[in-house]
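2 protein chains.
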Amino acid sequence: MRATYLYGAGDVRVADVPDPIIKEPTDAIVRVVRACVCGSDLHPYHSMAASADGSSMGHEFVGVVEETGGAVTTVKPGDFVIAPFAWSDGTCEFCREGLHTSCRYGGFWNSPGVGGGQAEAVRVPLADGTLVAVPVEETSPLIPSLLTLSDVYGTGYHAAVKANVSPRTTVTVIGDGAVGLLAVLSAKQLGAERIILMGRHTVRTDLGRAYGATDVVAERGPEGIAKVRELTGGDGTHVVIEAVGHMPAYEQAVGVVRPGGVISRVGVPQYEAAPVGFASLFGPNITLTGGPAPARAYIETLLPAVLDGTVNPGKVFDREVALDDVAAGYRAMDEREALKVLVRP
Amino acid sequence: MRATYLYGAGDVRVADVPDPIIKEPTDAIVRVVRACVCGSDLHPYHSMAASADGSSMGHEFVGVVEETGGAVTTVKPGDFVIAPFAWSDGTCEFCREGLHTSCRYGGFWNSPGVGGGQAEAVRVPLADGTLVAVPVEETSPLIPSLLTLSDVYGTGYHAAVKANVSPRTTVTVIGDGAVGLLAVLSAKQLGAERIILMGRHTVRTDLGRAYGATDVVAERGPEGIAKVRELTGGDGTHVVIEAVGHMPAYEQAVGVVRPGGVISRVGVPQYEAAPVGFASLFGPNITLTGGPAPARAYIETLLPAVLDGTVNPGKVFDREVALDDVAAGYRAMDEREALKVLVRP
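Chains as they are written, first to last, in the numbering used here: chain A, 1 to 345; chain B, 1001 to 1345.
Wrong hints could be hidden among the right ones.
[What the hints assert, rightly or not] To give an idea of the chain B side of the interface with chain A (calculated C-beta under 10 angstroms), a few residues:
1. 1007
2. 1008
3. 1018
4. 1019
5. 1074
6. 1091
7. 1248
8. 1262
9. 1270
10. 1271
11. 1277
12. 1304
13. 1312
Source of the hints: derived by calculation from the structure; they are not laboratory data.
Ideal placement from N, C-alpha and C gives every residue a C-beta, glycine not left out.
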């Protein structure tokens, strides 16, 4: 089959690799209907050292079950399924707590023996715990929205849930990428009435307004901080969702969070150390939370409003490429010509 | 009057200074019955640059109201009062939320125009919001326990509250100082059934066991982390309370916290940057919380069990010095001969 590999910074190619096969009785093979490129894929796309073997890519996909191992009971060949960005058994202590990304038996796509989603097919371990069957045809116009449940929508929702967003909390969202925009939608769904979106791309922030942002701040750095403070009577907001992952976004978050408030990070941090001392987090009793979203935990919660059309998170996709053109998709996202790119095998 | 000043690292002296006077109608003058030395006083005691003027010291005291300004209504001369370690108006938005340390009109002892508690008397701004009158005599054996409500008990309780300690959470407390021990007591009061205390001083950890610690780990660093992991089936605890403030304690906290868990800091951080990236907090979805405790917020909650003798947080005091001997008190705490030192003007 054809599958996407990254061979070094900027070097994305589609390779011919063996078709995935059932290795464990708990496996399923899923034929990919749509995958996509994630903002976090751009991190290695910028920095990966050259590698002859390359790394398989893609951790978001929806598709149709082709084959299941003998122990799989919840999905069957022909089912349309959503695959969250981590696989998990669904029954361990962490999964029962809703922290599927820390599943005792789980893991992440593109690890040894498990390929990536930007491919024609994927071997899915622990299929019963991982896959969610949805009664739609693979030609449904809902496919893009369903695909967001494999990562970006669940990630935005995780940020809002970890920050305890409610009607009583004001919210700033830093970042107008797909996760930031879906964090706006999630904060709105959890009842937030004041949502300030920090972003500079009007097309994106317009979508953010449609999702529920009440204010848009295009400025960055000290000007952006001053603007948010001005909008909030000097105090900042109870919640700041950091959906970027770079240090300036972290500093922005510290600058606009209200005393006693919460910074919830879902942008994968591209730094290890950051300010957390008296002057930043400790003195004003700021809480820092977040992490990789257990997307699996939120699928059942978020699915009904997607299926009935109440929300349309799939609007974050503004381009589609064929699998063989995936490199153009990476380039378009990297150059910010595209917000988020669908990949069609 | 006599008041304690720090003139540089290791240089604590008692000076003659003018008696405090009412400056604002919301002020009260409190004659100090007992003050004490805080672990956080040792930070400047170690590091302060030499200063001819010195800094007044002490932020924990109980005493008797001597005089009140014309606008004060909740306390009157003769009342025995507890003074929390920050003064606050009690009515602003932050105070109503229980974050008195961020009061819009409040501040901290030893700031311009406001002295410290290790003195014969203190001018208390915003007396109505700040002071809590308690119906006891100044000779009561409850005085040491009541004094812990001005900081260390409220601080230990804040750590546990911010971490959402409950019967469902396992807890590690790092540090066997007064705050750590009272964090153990607080975690127990909030229902924790498994409380691991990390500390090396047997007299202190024995008091920790009396307060509710189920396990004591004397090892530090990687050995200490391994021991806590061994005690918890490899996972670490849901909550880690960091009651020290130095980087090795932070690293220890990261080492023993369970995925999805909370690190709650109440030791004043002696660092500004710390690891918070994928390998430390982000990957396992760890929450970092805490800060200076709004001790005022907890006094009414914690007072009844102190007054009826259900708890005895005053056991953390194991030495008493006269005000003129306060330097010996600092030295005893610094050399870890004393756990916490009462100061008697």
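Status of each hint after checking the structure:
{"no.": "1", "hint": "1007", "result": "23 angstroms, violated"}
{"no.": "2", "hint": "1008", "result": "21 angstroms, violated"}
{"no.": "3", "hint": "1018", "result": "31 angstroms, violated"}
{"no.": "4", "hint": "1019", "result": "32 angstroms, violated"}
{"no.": "5", "hint": "1074", "result": "25 angstroms, violated"}
{"no.": "6", "hint": "1091", "result": "16 angstroms, violated"}
{"no.": "7", "hint": "1248", "result": "15 angstroms, violated"}
{"no.": "8", "hint": "1262", "result": "9 angstroms, holds"}
{"no.": "9", "hint": "1270", "result": "8 angstroms, holds"}
{"no.": "10", "hint": "1271", "result": "6 angstroms, holds"}
{"no.": "11", "hint": "1277", "result": "4 angstroms, holds"}
{"no.": "12", "hint": "1304", "result": "25 angstroms, violated"}
{"no.": "13", "hint": "1312", "result": "28 angstroms, violated"}
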